[in-house]
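Visitor: Oh and the sequence shown: position 349 is 352 in the working numbering, straight run, nothing missing.
With a Cα cut of at most 27 Å, we get these calculated DSS-like pairs of lysine-lysine: (1) K373 x K350; (2) K364 x K350; (3) K106 x K121; (4) K121 x K83; (5) K350 x K410; (6) K115 x K83; (7) K313 x K373; (8) K83 x K183; (9) K350 x K405; (10) K405 x K364.
What follows is a list of derived Cβ distance ranges for each label pair: (11) T356 x P387: 19 to 27 Å; (12) F299 x E357: 52 to 60 Å; (13) T346 x E420: 20 to 28 Å; (14) S419 x N394: 28 to 36 Å; (15) E310 x E357: 37 to 45 Å; (16) E193 x Q148: 30 to 38 Å; (17) Q363 x P387: 22 to 30 Å; (18) R152 x K83: 34 to 42 Å; (19) L413 x S296: 49 to 57 Å; (20) F341 x K313: 29 to 37 Å; (21) S415 x P387: 13 to 21 Å; (22) T105 x Q186: 32 to 40 Å; (23) S419 x K304: 26 to 34 Å; (24) F299 x N206: 55 to 63 Å.
It should be emphasised that the hints constitute simulated quantities derived from the structure, not laboratory data.
None of these values were measured; they are calculated from a predicted model.
Glycine is no exception: its CB is placed at the ideal position from the N, C-alpha and C atoms.
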Amino acid sequence: MRAQRVMRAGSQTTLPFSVEKLRSSSSKRKLSEATDSDECEVEHAPKSLSALKKKPILQDTPNSSHSCPSIPSTDPVSAKHPLEFIFSSLDICWNFHISINTKPTFHLLQQKVSSSTKSSFHLSHLAQILTIWSDAYRLRPCISQHQGRRIATYELQSPSQKPSDATSSRLQEFHDRLVKYLQTHPQIQEIPAAHLPPLPNLNSRDPKTPSLTDLLHLKKSASPTKKTAGLQSEEKGEYNHDDSEQNPSSFEKQLESSVTPVASKSSIKLKSHSTSGAAPKKENSAQLFLRQSSLFDRVRKKQQVAEAKKVELSKKDPVSQKLVSEKVSLVRVVDLIFVQLSTWPSKRSFSMTELVSSIQKSISYNMSSKECIDMVQLLSSTLPSWCSIHNLGNVQVVTFAKTVQGKPYLRSQVLSELNQQIHE
4 MRAQRVMRAG SQTTLPFSVE KLRSSSSKRK LSEATDSDEC EVEHAPKSLS
54 ALKKKPILQD TPNSSHSCPS IPSTDPVSAK HPLEFIFSSL DICWNFHISI
104 NTKPTFHLLQ QKVSSSTKSS FHLSHLAQIL TIWSDAYRLR PCISQHQGRR
154 IATYELQSPS QKPSDATSSR LQEFHDRLVK YLQTHPQIQE IPAAHLPPLP
204 NLNSRDPKTP SLTDLLHLKK SASPTKKTAG LQSEEKGEYN HDDSEQNPSS
254 FEKQLESSVT PVASKSSIKL KSHSTSGAAP KKENSAQLFL RQSSLFDRVR
304 KKQQVAEAKK VELSKKDPVS QKLVSEKVSL VRVVDLIFVQ LSTWPSKRSF
354 SMTELVSSIQ KSISYNMSSK ECIDMVQLLS STLPSWCSIH NLGNVQVVTF
404 AKTVQGKPYL RSQVLSELNQ QIHE
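Could you build all of it, start to finish, from the sequences and the hints given here?
Guide: Written as structure tokens, this is what we have:
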């Protein structure tokens with residue numbers, strides 16, 4: 004019946020078995036395979052346990068070493084020490100600063116070494132490096148400028164043996180010395196720090212350079228001793244060196260030798276003045292009083308002359324007196340008038356109001372209209388040949404002469420005539 008149903012559905016082949024039987028057979032196969040694998044694992048389990056129990060017995064036998072490979076032991080000496088990384092970075096930075104001719108100080112190298120090794124680099128690490136290899140660097144205490152302030156630090160100078168060694172050879176040398184040190188001191192936990200030289204005091208001065216008091220003391224000791232005028236010891240340069248002999252040093256001797264010829268020259272000059280016989284005399288109080296009184300007399304006489312000139316000017320007419328007091332203002336007014344005449348060449352006359360307004364605009368300081376009119380009237384009274392004032396009804400007109408005897412009236416000529424009127 005089932006085959007007929009399949010044929011009716013349009014299939015061309017007939018199946019000798021059903022789908023349900025096929026599914027049941029595949030599930031049975033899976034179960035059988037799982038049971039077989041479990042049985043295999045159970046059978047092999049005791050064998051692995053017995054092998055684990057027998058393994059230490061085989062290691063004890065002499066032939067077991069060939070059959071089982073040995074685990075390599077980790078030797079702390081063969082591992083790279085952290086101090087080697089610090090020394091490698093320090094040596095590279097130190098060689099760089101030596102090559103560019105800069106002073107490789109500890110504070111300058113500290114930041115670069117710490118950034119390259121990604122760990123802090125302190126003075127104790129440098130002391131440990133010197134413990135391993137004392138000739139790696141030569142430390143010189145110095146005072147240097149770091150980040151805008153003076154600090155006491157160490158300068159890492161070239162080693163005493165060979166400053167031109169390659170970096171790789173120095174690293175190998177440090178590694179060999181470190182391994183040797185760790186082998187000779189196996190129980191040590193931390194490498195001790197070497198003794199470093201003391202740092203200089205920032206407040207104390209350099210002992211090589213003398214202070215001002217020392218220089219003054221040496222200058223006094225190098226100066227010639229004062230003896231009688233007739234002795235030849237001063238001419239030959241016999242000086243008293245008692246003070247300099249108390250503190251003998253090379254620097255003081257050099258300073259004495261440099262100061263000695265200067266002192267001898269000054270002594271010769273002083274001697275020439277002293278032998279002339281015209282020694283300066285001290286003035287007593289009476290002579291000083293006479294000199295002061297004579298000075299007061301001269302000042303008083305000048306004041307009297309100035310007052311006499313003022314009296315003479317007051318006796319003259321008020322026009323000349325006012326002319327003296329207003330000389331500077333008159334010069335500016337004359338300049339302004341010549342500018343007006345050059346602006347309008349065909350014009351010779353100006354109204355008083357027009358001239359006053361132009362004067363007030365041109366002069367920097369404030370002047371009233373009355374002061375400006377007084378200036379123009381003063382010019383007309385002083386120089387009538389050049390400036391004249393006329394009345395046309397209610398209007399005042401100021402007329403200026405452009406020519407005198409067929410020649411142009413120049414500014415210099417007007418100023419010279421003005422000066423003559425003032426001095427007369």
